[in-house]
Amino acid sequence: MSDTITEIRLWYWQRLSAMVLTFCVLVHLAIIIYAVRGGLSGAEILARTHGSWTFGLFYTVFVLACAVHVPIGLARIMREALHWREPAIRLAAGLFALLLLVLGLRSVYGVVLA
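According to this note's numbering, the sequence shown is numbered sequentially starting from 85.
Honestly, the hints are just simulated from the structure, not real lab data.
Glycine is no exception: its CB is placed at the ideal position from the N, C-alpha and C atoms.
Everything hinted at is true.
For each label pair, taking beta carbons as the anchor points, the in silico distance ranges come out as:
id : residue 1 : residue 2 : range
1  : Arg-163   : Ser-136   : 39 to 45 Å
2  : Leu-185   : Thr-90    : 17 to 23 Å
3  : Glu-91    : Val-120   : 40 to 46 Å
4  : Ile-115   : Leu-166   : 33 to 39 Å
5  : Glu-170   : Val-111   : 33 to 39 Å
6  : Ala-165   : Ala-119   : 34 to 40 Å
7  : Leu-94    : Val-120   : 34 to 40 Å
8  : Leu-158   : Leu-189   : 17 to 23 Å
9  : Ser-86    : Ile-115   : 38 to 44 Å
10 : Asp-87    : Val-109   : 28 to 34 Å
11 : Tyr-193   : Ser-125   : 20 to 26 Å
Make a model of the complete structure from these sequences and hints.
Have a look at this one:
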């Protein structure tokens, strides 16, 4: 696969994930405003989210979008600003994506199912 095709695919996935993130951030902020204005405590918020598949699904999508979007941008920074070599860039971006995925999904599990 040529570098041009790879760059086009990365551009596509980063733009698609940005669209999903835009929606998720707006919904997330609305949830925060609702909770704060309603005077909900942390315990009350956890009680409402526990067992909520809708909440879990929404935040799982949020985590997946972050795990796609952020490493692509991070790889670009490592390439352009830090002048890292391609194998190191792929390894670092891949590990960071995995870290985001594991920590994010663990958080969703902790809030919804644990």
